[in-house]
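S.K.: Using the sequences provided together with the hints, build the complete structure.
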Amino acid sequence: MSLQNILNNWDKYRKGHEAGGHHVYEHMWSMVIDLNKCIGCGACSVACYAENNLAVVGKDRFEKGQAMHWLRIERYWDEPNLKPTASDEFQQHGASFLPMMCQQCNAATCEPVCPVAATYHTPDGLNAQVYNRCIGSRYCSNNCPYRLRYFNFYSFYETSWPEPLNLQLNPDLSVRDKGVMEKCTFCVQRIRTAKDTARREGRKVRDGDVQTACQQSCPTTAIVFGDMLDPESRVTKLWKAHEVELGKTAQHKQHPEKRGYRIFEGLNTDPCVMYLERVREV
Amino acid sequence: MKDINEDIKWAQINADVLRSMETPRLGYWIAVATCVAMIACAVVAEIYQYKHGMGYGLLNWPHMWDIYIATFIFWIGMSHSGTLLSAILHIIHADWRKPIYRFAEAMTTFSLMTAGLFPIIHIGRLWNMYWVLPYVTDRGIWPNFRSPLVWDAFAISTYLTSSALFLYIGMIPDLAICRDNARGWRKKLYIALSLGWRGDDRQWRNFRRTYLLMACFLIPLAVSVHSIVSSDFAMSIMPGWHVTTFPPYFVAGALYSGCAAIITLFVLLRYFFRFEEYMTIAILEKTCKLTFAIAMAWTYLNLIEFASTWYGHDVASKEVLLQKFYGPYAPFFWMMMFCGSVVPFTLAIRKFRRHIPTMFVVSLLLNLGMWLERWMIVTPTLANAYHPIAWDTMWPGMVQWAIVFGSFGWFGLLFLVFVKIFPSVSMYEVKEMVYHRRGHAGKDTEEVLHRPVEGVRATTGRPGLEGA
Amino acid sequence: MKKYRIMGLFSNFREAFRVVEDIKGGKVSGLKLDDVSTMSPIEHPEIDEVLGARPSPVPKFTLTGALFGMTFGFLFLASAQATFLVQPQGGKPVIPLPSNIVLTYEMLILFGVLFTLAGFLISARMLTKRPAIYSEKVGIDQIGIVLELDEKSYEPAKALFKSHGVLEIREEVVK
Numbered sequence: 001m002s003l004q005n006i007l008n009n010w011d012k013y014r015k016g017h018e019a020g021g022h023h024v025y026e027h028m029w030s031m032v033i034d035l036n037k038c039i040g041c042g043a044c045s046v047a048c049y050a051e052n053n054l055a056v057v058g059k060d061r062f063e064k065g066q067a068m069h070w071l072r073i074e075r076y077w078d079e080p081n082l083k084p085t086a087s088d089e090f091q092q093h094g095a096s097f098l099p100m101m102c103q104q105c106n107a108a109t110c111e112p113v114c115p116v117a118a119t120y121h122t123p124d125g126l127n128a129q130v131y132n133r134c135i136g137s138r139y140c141s142n143n144c145p146y147r148l149r150y151f152n153f154y155s156f157y158e159t160s161w162p163e164p165l166n167l168q169l170n171p172d173l174s175v176r177d178k179g180v181m182e183k184c185t186f187c188v189q190r191i192r193t194a195k196d197t198a199r200r201e202g203r204k205v206r207d208g209d210v211q212t213a214c215q216q217s218c219p220t221t222a223i224v225f226g227d228m229l230d231p232e233s234r235v236t237k238l239w240k241a242h243e244v245e246l247g248k249t250a251q252h253k254q255h256p257e258k259r260g261y262r263i264f265e266g267l268n269t270d271p272c273v274m275y276l277e278r279v280r281e282v
Numbered sequence: 001m002k003d004i005n006e007d008i009k010w011a012q013i014n015a016d017v018l019r020s021m022e023t024p025r026l027g028y029w030i031a032v033a034t035c036v037a038m039i040a041c042a043v044v045a046e047i048y049q050y051k052h053g054m055g056y057g058l059l060n061w062p063h064m065w066d067i068y069i070a071t072f073i074f075w076i077g078m079s080h081s082g083t084l085l086s087a088i089l090h091i092i093h094a095d096w097r098k099p100i101y102r103f104a105e106a107m108t109t110f111s112l113m114t115a116g117l118f119p120i121i122h123i124g125r126l127w128n129m130y131w132v133l134p135y136v137t138d139r140g141i142w143p144n145f146r147s148p149l150v151w152d153a154f155a156i157s158t159y160l161t162s163s164a165l166f167l168y169i170g171m172i173p174d175l176a177i178c179r180d181n182a183r184g185w186r187k188k189l190y191i192a193l194s195l196g197w198r199g200d201d202r203q204w205r206n207f208r209r210t211y212l213l214m215a216c217f218l219i220p221l222a223v224s225v226h227s228i229v230s231s232d233f234a235m236s237i238m239p240g241w242h243v244t245t246f247p248p249y250f251v252a253g254a255l256y257s258g259c260a261a262i263i264t265l266f267v268l269l270r271y272f273f274r275f276e277e278y279m280t281i282a283i284l285e286k287t288c289k290l291t292f293a294i295a296m297a298w299t300y301l302n303l304i305e306f307a308s309t310w311y312g313h314d315v316a317s318k319e320v321l322l323q324k325f326y327g328p329y330a331p332f333f334w335m336m337m338f339c340g341s342v343v344p345f346t347l348a349i350r351k352f353r354r355h356i357p358t359m360f361v362v363s364l365l366l367n368l369g370m371w372l373e374r375w376m377i378v379t380p381t382l383a384n385a386y387h388p389i390a391w392d393t394m395w396p397g398m399v400q401w402a403i404v405f406g407s408f409g410w411f412g413l414l415f416l417v418f419v420k421i422f423p424s425v426s427m428y429e430v431k432e433m434v435y436h437r438r439g440h441a442g443k444d445t446e447e448v449l450h451r452p453v454e455g456v457r458a459t460t461g462r463p464g465l466e467g468a
Numbered sequence: 001m002k003k004y005r006i007m008g009l010f011s012n013f014r015e016a017f018r019v020v021e022d023i024k025g026g027k028v029s030g031l032k033l034d035d036v037s038t039m040s041p042i043e044h045p046e047i048d049e050v051l052g053a054r055p056s057p058v059p060k061f062t063l064t065g066a067l068f069g070m071t072f073g074f075l076f077l078a079s080a081q082a083t084f085l086v087q088p089q090g091g092k093p094v095i096p097l098p099s100n101i102v103l104t105y106e107m108l109i110l111f112g113v114l115f116t117l118a119g120f121l122i123s124a125r126m127l128t129k130r131p132a133i134y135s136e137k138v139g140i141d142q143i144g145i146v147l148e149l150d151e152k153s154y155e156p157a158k159a160l161f162k163s164h165g166v167l168e169i170r171e172e173v174v175k
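Residue numbers (my numbering), protein chains in the order written: chain A, 1 to 282; chain B, 1 to 468; chain C, 1 to 175.
There could be a bad hint or two in this list.
Unchecked claim - Within a straight-line C-alpha distance of at most 16 Å, the following computed EDC-like cross-link-like pairs (lysine to aspartate or glutamate) qualify:
hint: 1; chain 1: C; residue 1: K24; chain 2: C; residue 2: E148
hint: 2; chain 1: B; residue 1: K51; chain 2: A; residue 2: D177
hint: 3; chain 1: A; residue 1: K258; chain 2: A; residue 2: E245
hint: 4; chain 1: C; residue 1: K24; chain 2: C; residue 2: D48
hint: 5; chain 1: A; residue 1: K64; chain 2: B; residue 2: D392
hint: 6; chain 1: C; residue 1: K129; chain 2: B; residue 2: D200
hint: 7; chain 1: B; residue 1: K187; chain 2: C; residue 2: E136
hint: 8; chain 1: C; residue 1: K158; chain 2: C; residue 2: E172
hint: 9; chain 1: C; residue 1: K3; chain 2: C; residue 2: E148
hint: 10; chain 1: C; residue 1: K24; chain 2: C; residue 2: D34
hint: 11; chain 1: C; residue 1: K2; chain 2: C; residue 2: E148
hint: 12; chain 1: A; residue 1: K253; chain 2: A; residue 2: E277
hint: 13; chain 1: C; residue 1: K32; chain 2: C; residue 2: E148
hint: 14; chain 1: C; residue 1: K162; chain 2: C; residue 2: D22
hint: 15; chain 1: B; residue 1: K51; chain 2: A; residue 2: E158
Read the hints as simulated data drawn from the structure, not as lab findings.
M.R.: Listed below in structure tokens is the structure:
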């Protein structure tokens, strides 16, 4: 009975993120991106397009700001002593790159605003997007401080993959139609496969079983992916080494070697992606 | 100066109001045709958008919302003064509301019906809109009650139900009058709608209680509705949206635009239905004074929002504010400040306040300002939120403009239908107003009230509503 | 004995109220105040003064509706949330009180309003058949005093009406 359910489990249902939350997490998938290693080649983004059936929208729609790049490489021309000279129209070199994909926040701002519960937190620590449930109110994208959610403004599939390109679509996940929101899933189809394989073989998922497409294609191995609940995983060790912890809103570190940070930590979104700051020549 | 001619004959009141509902003339049909044409623009745009996706309105990343949502808030806001003012003025016994509240409440209901279309239009898969409603399924899936959008759905449906009932209940005695004077299909309609009203003491006694109780519910409800609409923004994390003062600010803005719309419709009805006896300059003046007070409250809340953002020195919020001041949307921002905070000073000047054409233009300007205000709430934040890579300026496309344009036609059409089917001035309450104002004046009260009216048949005073 | 219902139409409200006061004062034998009802074009607070306090149960409906809406609203939301565990968290608990308060508030008002409406329809006896004795003039500017009486007080009542300047008397035989 529902009433009984409420009364019996009241304490459990009243637990927020600060108190540990309602979920008993099976995994806590997370990522570490070393900006020092990132060369801005864009291979990760291309791999993401291929893996996740991302629509290629074309120049016009890109200019209108309707692109679907789940993983985008942001360029910042922020080297103070490399300002463009009078003769240059643009700065010639000294860009720094920031690969941005969904940060899979544990206290995600996009989740509570969805009117139909199309985005929710999985026991894997992922911020899931249920395409079938999405009605396209687009509130989640508006409330994402990272602006990492992309909307299907058109039926992109109609033009994105002319024959025979449709044959390269990944059968492990759907092609989205117009009117739904989508975003990086941490290659949830690969996570699923790894978990299934592990279960079939009667073992736990090992570190390295799951490789995201971006990680796999990164020529400089700037991206590390793994399970934070596995104490032996590379991500756990890296987070520890750089003294970044989940559930914190600020890092207080003096040591220059400890370069880890999370974007907009102060907003208390508790993202699961840690970036390692780029070391600059001073 | 008196609010209303206290010597007016009661049969004359019936006759004047019933006359406004007679078979319409050519001008009315032209107005209807215009509204239908406007709706047609929106329908074409909507069909196009439905078939091909939201992108044709030039919505983009990061401008996921734009003037659809701004117009949604605009219409919701406009719905506020009708019912809210009517209820408040009823409770404080301000009887000058009586000749003007009926159309104001109708405006509430119709602007809500217009506003309610926008969340449906703006969502990507509108054929699944009903998923927002909490209905029981065997899949055990519910809407997300945390989402301010679901609160919107609850609040708007509650408000629409309640304000429509408030309008309707207040209209029952008048519908009985219509029933007594109608023929044909109108007779059938009014018999059904007047629910057997006879005006006996039992009915009046319960009617009075009911109306007062409804008014008591509607005041907090109306305040909560626009607070909830403001939660769409205030509950988010975005700079320029996450503002504590948004609920009162929205409520003030809602009252403001609603009052301005009341003035607009006041002038139109007064002119077209020759309601000079009821919609008097004195009442217009009172409405204008009220609007001025609300305008100043709105200005204050607006300035306090800027001040707290400035003083709070949150980098992102401040950036959004500065971008409003001199960014790409600045002309609209300053136009909003001009229309919202400078133009209302004309309401403070007696000479302008009594000049009807001026008031008509001013009320339109005020509402233009309020529409711009909503746009300037939604868009600059999306244009300049936290992540600088997503900074973008976007101008809405034709599809969006067509739908916004059409919404005015839809509102106009509903209102046009209303004024011909329902009495847009409350007959029984104008009588009450006259009666109570004269009440203790002299012995001749009754004699004056009941003198026969020229040109009205003595028996029923009916001009006769033909139901063809 | 035959039972009648008669209505006298007055355009002078003061005289009409005097009729009721006379009946109250026992001028017509066999007529009590309870037999009197009125039909009026506007809401007269004076009617209550002459007719005495008659009950209006609408507020009870309202209170019931509001309490029902509040309880039902909260329990409905909370039980829906508690059975729907695969729902977005965003760091928030399964049953978040702030949002439930907002929605409970709306449900309180919605049911309050609906019950008030029902209360009005029931206690004002709306939706009943219009009695034969009705005058359209009540919708304009005349007040009707309706009396339920038997043969014995029929003539005296008519005389009372006439002495107060009645404009028109309508009557029907009840049984």
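S.K.: Now look at each hint and say whether the structure bears it out.
M.R.: Each hint, compared with the structure:
Taking the CA atoms of C:K24 and C:E148, the gap is about 14 Å. The hint holds against a cut of 16 Å. Distance hint between B:K51 and A:D177 is fulfilled; the C-alpha atoms sit about 12 Å from each other, no more than 16 Å. Distance hint between A:K258 and A:E245 is fulfilled; the C-alpha atoms sit about 13 Å from each other, no more than 16 Å. For the hint linking C:K24 to C:D48, the alpha-carbon distance of about 13 Å falls within 16 Å, and the restraint holds.
For the given pair, A:K64 sits about 10 Å from B:D392 by alpha-carbon distance, which is consistent with the 16 Å threshold. A hinted pair counts as satisfied when its Cα atoms are at most 16 Å apart, and C:K129 with B:D200 qualifies at roughly 13 Å. Annotation: proposed proximity of B:K187 to C:E136 holds, straight-line Cα distance about 14 Å (limit 16 Å). Simply put, C:K158 and C:E172 have alpha-carbon atoms about 13 Å apart, close enough for the 16 Å limit, and the pair holds.
Distance restraint check for C:K3 and C:E148: the Cα-Cα separation of roughly 7 Å lies within the 16 Å cut-off, and the hinted pair is therefore satisfied. This hinted pair checks out: C:K24 and C:D34 have alpha carbons roughly 9 Å apart, not beyond 16 Å. Of the supplied pair hints, the one linking C:K2 and C:E148 holds, its CA atoms being roughly 11 Å apart against a limit of 16 Å. As the CA atoms of A:K253 and A:E277 are separated by approximately 13 Å, the hinted pair is consistent with the 16 Å bound.
For the hint pairing C:K32 with C:E148, the CA-to-CA distance comes to about 9 Å; that is within 16 Å, so the pair holds. Between C:K162 and C:D22 the CA atoms are separated by roughly 13 Å; this keeps the pair inside 16 Å, and the hint holds. Taking the CA atoms of B:K51 and A:E158, the gap is about 13 Å. The hint holds against a cut of 16 Å.
Hint compliance for this structure: no hint is broken.
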